[in-house]
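> Residue-level listing of the chains:
4 protein chains.
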Amino acid sequence: MNKVRIGSVGLGRLGLQHAENIAGRIQHAELTALCDVDAPKLKDAADRLGVPHRFTAFEELIACKDIDAVVLVSPSALHTGQISAAMAAGKHVFSEKPLGVTVAECREAEKAVEAHPELVFMLGFMRRFDESYKYAREKAAAGEIGKPVLFRSYSQDPEKFIAGAIAFAPHSGGQFLDMAVHDIDLARWFTGSEPETVYAIGGCYAHPEFAASKDGDNVSCLMKFKNGCMVFLFAGRTAPHGYNVETEIIGTKGILRIASVPQKNLVEVLDNHGVRRECSENFLERFDTAYVNEVQEFVDCIIRGKKPAVTVYDGTRVSEIAYTCKAAFESGELMKF
Amino acid sequence: MNKVRIGSVGLGRLGLQHAENIAGRIQHAELTALCDVDAPKLKDAADRLGVPHRFTAFEELIACKDIDAVVLVSPSALHTGQISAAMAAGKHVFSEKPLGVTVAECREAEKAVEAHPELVFMLGFMRRFDESYKYAREKAAAGEIGKPVLFRSYSQDPEKFIAGAIAFAPHSGGQFLDMAVHDIDLARWFTGSEPETVYAIGGCYAHPEFAASKDGDNVSCLMKFKNGCMVFLFAGRTAPHGYNVETEIIGTKGILRIASVPQKNLVEVLDNHGVRRECSENFLERFDTAYVNEVQEFVDCIIRGKKPAVTVYDGTRVSEIAYTCKAAFESGELMKF
Amino acid sequence: MNKVRIGSVGLGRLGLQHAENIAGRIQHAELTALCDVDAPKLKDAADRLGVPHRFTAFEELIACKDIDAVVLVSPSALHTGQISAAMAAGKHVFSEKPLGVTVAECREAEKAVEAHPELVFMLGFMRRFDESYKYAREKAAAGEIGKPVLFRSYSQDPEKFIAGAIAFAPHSGGQFLDMAVHDIDLARWFTGSEPETVYAIGGCYAHPEFAASKDGDNVSCLMKFKNGCMVFLFAGRTAPHGYNVETEIIGTKGILRIASVPQKNLVEVLDNHGVRRECSENFLERFDTAYVNEVQEFVDCIIRGKKPAVTVYDGTRVSEIAYTCKAAFESGELMKF
Amino acid sequence: MNKVRIGSVGLGRLGLQHAENIAGRIQHAELTALCDVDAPKLKDAADRLGVPHRFTAFEELIACKDIDAVVLVSPSALHTGQISAAMAAGKHVFSEKPLGVTVAECREAEKAVEAHPELVFMLGFMRRFDESYKYAREKAAAGEIGKPVLFRSYSQDPEKFIAGAIAFAPHSGGQFLDMAVHDIDLARWFTGSEPETVYAIGGCYAHPEFAASKDGDNVSCLMKFKNGCMVFLFAGRTAPHGYNVETEIIGTKGILRIASVPQKNLVEVLDNHGVRRECSENFLERFDTAYVNEVQEFVDCIIRGKKPAVTVYDGTRVSEIAYTCKAAFESGELMKF
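Protein chains in written order, with the numbering used here: chain A, 147 to 483; chain B, 147 to 483; chain C, 147 to 483; chain D, 147 to 483.
Treat each hint with caution, since some may be false.
Because identical chains cannot be distinguished in the list, a pair is counted as satisfied if it fits within a single copy or across any two copies.
Claimed, not checked - Capping the alpha-carbon separation at 30 Å, the derived lysine-lysine pairs in DSSO-like fashion look like this:
{"hint": "1", "residue 1": "K360", "residue 2": "K372"}
{"hint": "2", "residue 1": "K293", "residue 2": "K360"}
{"hint": "3", "residue 1": "K189", "residue 2": "K243"}
{"hint": "4", "residue 1": "K452", "residue 2": "K189"}
{"hint": "5", "residue 1": "K285", "residue 2": "K187"}
{"hint": "6", "residue 1": "K306", "residue 2": "K285"}
{"hint": "7", "residue 1": "K306", "residue 2": "K293"}
{"hint": "8", "residue 1": "K211", "residue 2": "K149"}
Just so you know, the hints here were simulated from the structure itself, not pulled from any lab data. These numbers were taken from a predicted model, which means no experiment stands behind them.
Start from the sequences, fold in the hints, and give me the full structure.
Rendered as structure tokens:
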């Protein structure tokens, strides 16, 4: 079995992690090329990981014959263009979220994917590949919790990263697009349904800087889905305890909670603060295995000639919903889908 | 120190519990009279608890000279009238929630209370007297969690009591009035603020019978409070695991969760179902001590000539809010306060 | 039904708590007399609790005609003599543990009890009256965990009370007698069996002062019971997190853990220390209800003319076992019962 | 950087897992050869994993020039001989525990290792490579819990695998050698000390079949270590809830608990059994990552020319201790080291 030769684009924190995963933790794959505009960073990573091809220009990467697939961990604004270009060059594409920074861009990405049915395209909704989320989804799909009544999901970044969040605020698209997209994806995945209405609120509770971007440091929304399920999402940037991603699905016959305590590991500390669990610090720690699993799935799809369960249309749909949430938040009005 | 002589009205489940508590667990009080329309039940309870005075008519009870105070655990529709009559007869009054079944009734109760500043009036928001809620409130009031960002509270009755809930549905006023009033009270108590807007949804996920009363078996609402705090409330009648009342207050500096696992006691069972906690079965079990504490506070206020922290206006305000939530639920529209 | 008139002896921390409980939380009982050698403390408590009779001499208390029963919370060295004297005076007796400070003394207490079959005698093994321990015991007795394999029990006092523990060390009898007696009682209660062998170790890990009393600041023992059950007990005085009393019973079909986290209440705090439960601070907080329940049982036994499940012989047996554990600890040898 | 070419020996459950890990999850390594006496199983695994060399005879494997290192997951009785032969053939060796089935055998292995200082030898104490155990060890080593007072460790296999355990009993060496060796290793690792005395008990609580091998289905021992630390170990084969490996280290300043709930993942289920965590089913699930980490460490040591922290002498010492525990268990006597 030949290995899938991957070129990975972007060497930010997550990009570097993907590069390391492809180099050492993904089966049937090899990290053939790296691409980043920062030449010294590129050299450093490529040397360390023993990557033969290095590019500072994306166009050169996709022109490279030794590459079967690209993994995009580039800035969001570049995603759509890179997806189209890479697929036009005959490469399979794995793109980190978001699919595009506007719905119009997402539609372009759809066209690129539709134009290349022979290629694999996959979007990085890594939570679906987390062992706990997968396990819960299987239970729900097997009917163990009955009909979904309430889906509640939180995405909270730790307060200690607030400086970066403030700096990134003008480009983040706001918390519904930047953070809640993962929860929106989960809500659709778990309920098998789509939103009908949304009411969104929030504000700047600790950091007024977000107001300039029409965002808050903490926001939430309540949606009614077509199947009747209530969906409550909360996204925040000031979590005092760590990186907190938790989800609850209340069904008529059972309830599932995923990561209601964002424990770092299985160690419990008993000291003068009480009995406590230390928490995950960031998404890389929490979703370490999920990031491996999702790229493994991408590679397996390429090898076996199958299509990923997450489609480009999921990417568009999630973006549409997130934009409607954002509009609801900005207007203060109840919005219908 | 003379004991406060109490006449307790109503011998339903909670009424009986209050009677037993007054008879044996409240200091500086004695259960002097019982009142219920069901004569055999009245005799049985009074005999068992050694209560000298028994009445099937409320008017006779309040005419009794040996009584200083009444505890009302009668049907909700009788509350306002009984409050007025009892205070007119010079009795201190403790009334179970709700204050009245309409806001107009609540206003009448306000007048009765205002007309008798020499008497103690107290409303039974027992959660404020639960040790865990009190402890959390003190931490929040001491500034330990910073500014409130999100207040989330659940009230879930177990599925196994669904038959009673269905039978009671036409008279319950709906879940916002019947159950969520406690959460509304807590939201005001913890945030020190009032709602500005509400969006409410829900439905009949398992039991269509509630639709006839314009209610659902599970409902929720998202409110924005004047201080900016987001408030999400959920009330349900189909909890698979037991009686679940839980609250979370996310602040800018810390988060408090009260009873996120509705554990019955401190026993953990490890068997073929995993590692598990068995759950509280009903409100009497969960709030056993709180029911004692609230009546103790009532008695202490009478003895010390002070006024309870919970006022008649809190009762009115909570009812107003619950009615607005109900209207929002029925209309499907965003409502402003 | 007449109330049981109780004279309570000793106004240390636990004595005061018992007095308050009898005055206000025990049904069918009244606190008729208090006795303590410290006259000002006696006056203060008696005034506050409205107690008519006050005695600085135990002999006067038991001579009082208005008293039906005595509750002994006096220094351990006085227990046996007071039990005998009180029963000779026709009083029912509830005594805090230990029954006596030597096995010989326990035998004397047995004689006093045997000489007065018309009177109720009860020993204060309060853990049996804790809701969680009772619940677990019922499950075990119902066969839900199968045959007992391992019984493990911890008694840990918080480090912050170490100064008191060091001061009391010469009179405490050592940790097996002072603390582990409760665990020994539970082991016999849960397993229905008796020890055959014991190996005991420990030492002064933080506080060398205990060595002068041939004690350690932390000790443990492993016992084989006659029914084959393994019993591991641990007692410590340096718990960093609070007052920790926990028990695990591993059976062939299930496992029960009681208070594996010594949580103060149902509040969970999420802050920069992680996700945490604050802990019980001392025995009065942890066993608050149990102290009420045990005296209530004593009173109920008197009223109904029945005998408590805990007998004087249990007191003797537990002392014998604790003394053997102590001897094993001091000798370093394996001992047989 | 050249990859370390590994030949893996033995294709039982753990052997297969190691083979899969080397093939796909270990960086800088490749699975070059497989060896098992079962030819069809060998072909199946080698084909599936794309392994070029296949051997049914161990001698042929170590004669293969394309192999740098061997991983031994063969029957325990073969370990010592294979270690010696492989090192004589110039191969680095990773051996699963135990080092040998007798202490004499362990000494032979020591000689082989001493004779080849240029080669890496490592023993598979995988728990040291579990993220939670590592994290706890670092805290302990950093002094965060003060001086060790009590080290408690459990190893429990689930009841549902009892048939296999009974069949394997005559060859297992008993639970101290078969299971508790891991706990013994952890005790030495965490305390940095060695045992002085041991008292061991246990029996056949559910399955009398183990008696024929002088073993029990559940056993325990209490040891005093030279630094004063108390060490309590429990090993059982009848866990009702799953595969349970948990450890507690009580120090004078803090307490660490590792996996006190053997949770399968981060999902919490709330249903008619209560609020529960489902449990790990077996060692492969629980220590999945640890098995990867330990072989990664072996490979890294080879590449960087360093020696693993776990030495051959640790293997001998743990075996010696386990044999003494076994002797103590069989004799019923207190034994000294």
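> Are the hints correct? Go through all of them and say.
Hints and how they fare:
no.	hint	in the structure
1	K360 - K372	both (29 Å within a copy, 19 Å between copies)
2	K293 - K360	between (36 Å within a copy, 21 Å between copies)
3	K189 - K243	within (26 Å within a copy, 42 Å between copies)
4	K452 - K189	between (34 Å within a copy, 27 Å between copies)
5	K285 - K187	neither (44 Å within a copy, 33 Å between copies)
6	K306 - K285	between (35 Å within a copy, 22 Å between copies)
7	K306 - K293	between (39 Å within a copy, 17 Å between copies)
8	K211 - K149	both (14 Å within a copy, 25 Å between copies)
The structure does not agree with numbered hint 5 stated previously, though it agrees with all others.
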